[in-house]
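There are 2 protein chains.
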Amino acid sequence: MSSPADPATLADLTTPALVVESSVFEANCAAIDAVLPGPRLRPHVKAFKSTALARRLARSGHNAFCAATAREIEGMAAAGLGDDLLLANESLDVRRLGAIADTAAITVAVDSEETIAAAAAGGVRAVLIDVDIGLPRCGCDPADAGRLADRARAAGLDVRGVMGYEGHLMMVADRAERIERVAAATTVLLDAAADVGGGIVSGGGTGTFDTNTWCTEIQAGSYCLMDTQYLQLDLPFDLALNVLATVISVSRKGWIVVDAGLKALGMDHGEPSWEHGRIFFCSDEHTTLQPDVAADWRVGDLVRLQPAHVDPTVAKHEQLWVVDGDDIVDRWPVDLRGW
Amino acid sequence: MSSPADPATLADLTTPALVVESSVFEANCAAIDAVLPGPRLRPHVKAFKSTALARRLARSGHNAFCAATAREIEGMAAAGLGDDLLLANESLDVRRLGAIADTAAITVAVDSEETIAAAAAGGVRAVLIDVDIGLPRCGCDPADAGRLADRARAAGLDVRGVMGYEGHLMMVADRAERIERVAAATTVLLDAAADVGGGIVSGGGTGTFDTNTWCTEIQAGSYCLMDTQYLQLDLPFDLALNVLATVISVSRKGWIVVDAGLKALGMDHGEPSWEHGRIFFCSDEHTTLQPDVAADWRVGDLVRLQPAHVDPTVAKHEQLWVVDGDDIVDRWPVDLRGW
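Quick mapping for you: the protein sequence lines, in order, are chains A and B. Take my numbering: the last position of the first sequence gets the number 1506, and nothing is skipped along the way. Take my numbering: the last position of the second sequence gets the number 1506, and nothing is skipped along the way.
Just chain A, same shape as in the assembly:
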């Protein structure tokens, strides 16, 4: 067995474990709510993959969500959070979403004739035209947006508007430069929106949540748990997520080893951080740490690592443990993993 069903404190948890500091999480939510109340924020469930966490956001008035996978949409619908679900991604595997179109309001991003045909054939009822606004990923040529909207309407689909993701601008360090470049990217999106119609202009993310003032709704998710990469920016969000680990070995040579490694940490944005020393290296199920004060550490001690990238970190775990200091106050299953 892993962690007991009803652990009371951090010491009861099987490590590695994801720990959410409740007060920081709530402060992050309050900070974004002050700028993006209600439908101005469309929380992106890919960041946390948990219907329990999504339900907490819905209680603050965010009832429209977006997602990156069909399974996330299915899970949100099954959890009764299907007021307005956007698959903010292209997919040909949409028949499974058409199959639940009577139980949830589902909109799918499309950027080609193939994805429009798949949506129509699969029983999807509503789409956004996804527009390339500078990130080399999905999205149609802006000049094609109007034509694709016509094509979608001809196929019987409700075209609700456009989306575009300025992902390449999330980490622009200088705020004034970020505003200027987001404005330029969003101008492209607004021009496409004029060709498409439908009212929704969806885009943005945690890095541009308050500098993208042109979209009708912002697709942010990482803000609530946060990671060390976004911490480099001038954002009003703090680290709410840690990976809790246990010291399993102490070397006389000055390093210690904890039981959280590559399989518990999103590594694509670099190594985790640790407030009491430096990261030596990560292995599959270990991280070797070089403490500032080696004598402080004993086998059995708990440490908290800060992951560099929250989204892939959460996807490696089965649950988020919500804590107030050392006390566990809630458990949020990570129930939207997989595809």
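It is possible that part of the hints are untrue.
One copy or two, it doesn't matter: identical chains are merged, so the pair holds either way.
[As the list claims (entries may be wrong)] Simulated pairs of lysine to aspartate or glutamate, EDC-like, Cα-Cα distance not exceeding 16 Å: (1) Lys1420 - Asp1308; (2) Lys1420 - Asp1459; (3) Lys1420 - Asp1463.
Just so you know, these hints were derived from the structure itself, not from any lab.
Once you've looked at the hints, dock chain B against the given chain A.
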């Protein structure tokens, strides 16, 4: 729903999906069996986290396994593969293994008085003394091995021998240098073994499977699925594992986008490889590819990406699909994930 329960071909799979080329997998197994028959190989289940795959290896005479987590040990025991299970890792969370000591033969690595005390208190019956042979991770000072063995025996534990992992030597490119450095590391281990007694000298890995000729058993796992990192060495193993993805967007600017990203790929050893072009970048649920011949690719096409590091890649998926060309011949659940 995701993939149908009984998919017949690659086109039936929900992507991203892990695909194992059966003929390559079998050739990898045959290559290691020729060098390390029966108990000379103790396959490391951390590499594949699947009892179904482990059962296939057991059919070739490898009935002793090692693992990196308590959950892997529990799962192997529950699957009836508990003839000789080694938790090749330090843990204080061993009471759960003591609880199943009547159903499987479980040995645990220890490297400190604390881990010995935890093993004894937790009902574990057998241990190996884990020795630091040069990788800055777990393992006691070699000079302490004999003393720890005495301490373990005094606590009522069966001390079966030693283990040591020359992980820092896995990627030494030159074979002669690799042999020389593995010999030096193993000399330390053999000296400790003389102090400890017990007969087992466990170590090694895929990178040193045939150059470590001193250990009584080799702890290799990655060899059977393989990844692009180990492919750089002179090993007789080939890539059996691919991440299957679907092209969801094609840009006129020359790139294509597939639906496998950071959450489907182990990224710690770098980006995946693709035989038909280069990797542009990976996002959470996308990879943007720059094909050698852009005109060859259409929305809906399937591509196969080769992950840089197999172990964390497998841990992100729910199953391995075993294929013969385009035909699916078996499904191996990845049932040993988590902690």
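A quick look at each hint next to the structure:
1. Lys1420 - Asp1308: Only across copies: Lys1420 and Asp1308 sit 9 Å apart there, 58 Å inside one copy, limit 16 Å.
2. Lys1420 - Asp1459: within (13 Å within a copy, 50 Å between copies)
3. Lys1420 - Asp1463: within (14 Å within a copy, 56 Å between copies)
Checked against the numbered hints listed earlier, the structure breaks none of them; every hint is satisfied.
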